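> Residue-level listing of the chains:
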Amino acid sequence: MPKIVAATGNEGVANALRQVTPDVCAAYPITPQTELMQRFSSFVSNGQVQTELVLVESEHSAMSACVGASAAGGRVATATSSQGLALMWEILYIASGLRLPIVMPVVNRSLSAPLNIHCDHSDAMGARDSGWIQIWSENAQEAYDNTIQAFRIAEHLDIRLPVMICYDGFIIGHSISRIEYLEDGEVQNFVGEFRQVNPLLDIEHPLSYGPLILPDYYMEYRKAQDEVASKVSKIVLDVADEFKKLSGRKYGLFETYRLDDADIGIVILNSAAGTTKDVIDEFRDRGIKAGLLKPRLYRPFPYVEMGEALKYLKAICVLDRSDAFGGSFGQMFLDISTSLYPYDKKPLLINKIYGLGGRDYLPEHAEHVLNELIEITRSGKVKAYKEYIGVRE
Amino acid sequence: MAEIVEIRWHGRGGQGAVTAAKVLADACLSGGRYVQAFPEYGPERAGAPLRAYNRISSKEIRMHCPVLRPKVVSVVDSTLLDSIDVSEGATGDAIFVVNTSSDAKEIREKIKAGPGQKVYTVDATRIALDCIKRAVPNLPILGALVRVTDLVSLEHLLEDIKKSFGKKFSQEIIDGNLEAAKRGYEEVKEG
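Chains as they are written, first to last, in my numbering: chain E, 18 to 410; chain A, 1199 to 1389.
Since the hints were derived computationally from the structure, they do not count as laboratory data.
Please read these numbers as outputs of a predicted model, since none were measured by experiment.
Idealized CB from N, CA, C, for every residue including glycine.
Be a bit skeptical, because a hint or two may be false.
[Stated by the list, open to error] Partial list, computed: chain A residues near chain E (C-beta under 8 Å):
hint, residue
1, 1223
2, 1224
3, 1232
4, 1233
5, 1235
6, 1239
7, 1243
8, 1256
9, 1260
10, 1261
11, 1262
12, 1263
13, 1264
14, 1346
15, 1367
[Claimed, not checked] With a straight-line Cα cutoff of 25 Å, these simulated DSS-like cross-link-like pairs (lysine-lysine) come out:
hint, chain 1, residue 1, chain 2, residue 2
16, E, 20, A, 1366
17, E, 306, E, 262
18, E, 306, E, 403
19, A, 1360, E, 20
20, E, 262, A, 1257
21, E, 328, E, 251
22, E, 261, A, 1257
23, E, 20, A, 1257
24, E, 306, A, 1257
25, E, 400, E, 306
26, A, 1365, E, 20
27, E, 306, E, 251
28, E, 363, E, 403
29, E, 328, E, 267
30, E, 20, A, 1361
31, E, 403, E, 328
32, A, 1387, A, 1310
33, E, 267, A, 1257
34, A, 1316, A, 1366
All chains, please: the whole structure from these sequences, using the hints.
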């Protein structure tokens, strides 16, 4: 029997971690991740979970301890946000390069300066090419479900790669909503027992992690890593199928909403996708063929599947909650452009930057974008390829 | 009940408005409903004006932004009426629940309530001082809100308060809060 609760996103994810019971969790608090780790450390203190919690002095140390614990043979998790993820930067690449299946919720927050604790996607976008798998979540239920699935994906023997589960700081992390929890036993059966392939603590079979590889082999190692990452999509789908049997909830590489016969579409991540769906319904009620695509597996990016899903549209707006500044575009815009590049006939594409540093994304912003897309399909002309919305002039 | 009810709370830091929104969300989970409760996060200081929100719906709630057109507005501190337009964006049939010792008709004039809008008052601070000896008016006003919106029964709300407060507080404080919520429910007046 699933248990239905009213809980914050952070509370839900902490409960997922408790249900999975990693061997080791090394973490450092940072807003808005703090509530998640505070709740998980309460579980540890109260004896509700048998995880060794290592309280370190920084995120650089947190990720370093995770790397050590994972290589030693443990199932390992941590969590962070914003500056914390930035400080882990160096060790992120070591975790993925060593093929260590560490699971890390990232509660999305803007980066300093200027100092701001609220939601945008700059933190995780900065780590998108670190070799980690990235799975993004619209709401608390998805954050909970994705955290459980992440262990199965990360630890799959064909890949063994670390996974970030991204969800919006405050908007999802600190807001209370309805979450359906699986039973502890169901989650434990689903993730199964973890066995590290080459544990450092297997002293009968000594081995080295992280030796120097000079130009004669470094590139072959990287090519192998690229090939491994190309297997991720299929595993994400297989795990999603199994998860659906358990929970009844369906997940894919991305979610499409009223997209099949759409002329115009919005591509948008996380919580803002929910708000946009309500506006799309209003436009559909008026007879306008609008749809939405919400990426879930963002790294490795499923370029082919994404291109196939979007190529029939007339005009698309990609909304990014992060920016690359100046002449460049939001990170997701670049990925969507790339996915459509191979097609001769393709939609007109525009990019909007929204919601930086926690600026509210309101229904009127989605309306504004859809109205502009209607105008573009009428005139065939694009006024500006990139523009900030919800901002003072 | 309408498909979705959106609620906006106006209070000051330390008055328990955020807790009230959380308790309401939890109590409204019954019957397979979907709920949201979230405050507007800023620098949290005792006494500073704050807003919190609820959405209660029979269908999945996908909207993740502040409530802009509330059907219910709960004013936990009536001194805010002098500095904040609490009726901003409220629907034509909105329900206002105001913590005040003043007459409900007076409050109706002050917030310029429209003909379709209803204004209710309850002296929640007085009730809180009587029941818990502290000026934390959140549960009496929650009791009043539940009465006039009919979102959950009083019994259900009291059960939920017991559950929410049970882990953290002494029996004396729990009993005081239950009494406070009950009196809020009973003493609310229409203007």
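> So, residue 1235 of chain A near chain E? Judge it on the closest CB pair being under 8 Å.
Holds. Min distance 4 Å.
> When you check the alpha-carbon spacing of residue 363 of chain E and residue 403 of chain E, does it fall within 25 Å?
holds (18 Å)
> Using 8 Å as the Cβ threshold, decide whether residue 1243 of chain A counts as touching chain E.
violated (15 Å)
> Going straight from one Cα to the other, do residue 261 of chain E and residue 1257 of chain A come out at no more than 25 Å?
Satisfied, since the Cα-Cα distance of roughly 21 Å is no more than 25 Å.
> Is the shortest C-beta separation between residue 1260 of chain A and chain E less than 8 Å?
Since the shortest Cβ distance to chain E is 4 Å, the answer is holds.
> Given the hint that residue 20 of chain E pairs with residue 1257 of chain A, test it: the Cα-Cα distance must not exceed 25 Å.
holds (18 Å)
> Is the hint on residue 1232 of chain A kept, meaning its closest Cβ partner in chain E is under 8 Å away?
Holds: closest Cβ of chain E sits about 5 Å from residue 1232 of chain A, inside 8 Å.
> Was the hint right that residue 1264 of chain A lines chain E, CB cutoff 8 Å?
holds (6 Å)
> What's the verdict on residue 328 of chain E and residue 251 of chain E, does the C-alpha distance respect the 25 Å limit or exceed it?
holds (22 Å)
> Would the stated hint for residue 1239 of chain A survive a check requiring a Cβ distance to chain E of less than 8 Å?
Holds: closest Cβ of chain E sits about 5 Å from residue 1239 of chain A, inside 8 Å.
> Minimum Cβ distance from residue 1263 of chain A to chain E below 8 Å?
Since chain E brings a Cβ to about 5 Å from residue 1263 of chain A, closer than 8 Å, the hint holds.
> Compare the distance between the alpha carbons of residue 267 of chain E and residue 1257 of chain A with 25 Å, and conclude whether the hinted pair is satisfied.
holds (18 Å)
Hint compliance for this structure: hints 7, 8, 14, 15, 17, 27, 34 are not met, and every other hint is.
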